[in-house]
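Student: Note that the UniProt record's numbering gives residue 5 to position 5 of the sequence shown, counting from 1, and the numbers run on in steps of one.
If you are wondering where the hints come from, they were derived from the structure by calculation, not from laboratory data.
There could be a bad hint or two in this list.
Per label pair, the in silico range of CB-to-CB distance [claimed, not checked]:
#1 60 with 36: 27 to 33 Å
#2 77 with 124: 28 to 34 Å
#3 10 with 65: 25 to 31 Å
#4 120 with 79: 28 to 34 Å
#5 37 with 61: 14 to 20 Å
Idealized CB from N, CA, C, for every residue including glycine.
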Amino acid sequence: MTRSTAKGAPETVSMARDRGPLPEDDATSYALSLPPNQRRAKSGCYIVRCARCSGGGSCPVACAYNLSCGDIVWPGISTVPFLCFMALFFQENRGHYLNIKGDTMVVKVDEERETLACYERGCGGPCCYCERSC
């Protein structure tokens, strides 16, 4: 399935760009609709925006330099304390990254702008969006 034929892909991207309450299943379906070589995060500077803040996540809460190497993405250079201890591992058959405990998922929700959404187990929607800035 290509991105252009993915059910709900334009709606997923639109909701991600609006930093809305994007359901985890929709985010994962979008990522799986991308060609395999476009599902992984790219290294670079990301602005982290809280999806649950008032104002629709318009206020940045952190900056991070995500390092992507093969099946691992590491947001170790960040303004978030202790984020340097977290590595995320790509799950090829699921189209997203998981931490080692399996309670944090990161998935690409906008391939054109390289936006990632972060989900915590039981949250019901993304806790934050990570928008690539460089």
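Student: Starting from the range 28 to 34 Å, see whether the pair residue 120 and residue 79 falls in it by beta-carbon distance.
Tutor: Since the Cβ atoms of residue 120 and residue 79 sit about 19 Å apart, the hinted range of 28 to 34 Å is violated.
Student: Check the following: the C-beta atoms of residue 77 and residue 124 are separated by a distance inside 28 to 34 Å.
Tutor: Since the Cβ atoms of residue 77 and residue 124 sit about 30 Å apart, the hinted range of 28 to 34 Å holds.
Student: Does the hinted range 25 to 31 Å hold for residue 10 and residue 65 at CB?
Tutor: holds, 30 Å
Student: If you check the beta carbons of residue 60 and residue 36, does the distance land in 27 to 33 Å?
Tutor: The hint (27 to 33 Å, Cβ to Cβ) holds, given that residue 60 and residue 36 are roughly 31 Å apart.
Student: Taking the Cβ atom of residue 37 and the Cβ atom of residue 61, is their distance within the range 14 to 20 Å?
Tutor: Hint violated: Cβ distance 31 Å, outside 14 to 20 Å.
In summary, the numbered hints that this structure violates are 4, 5.
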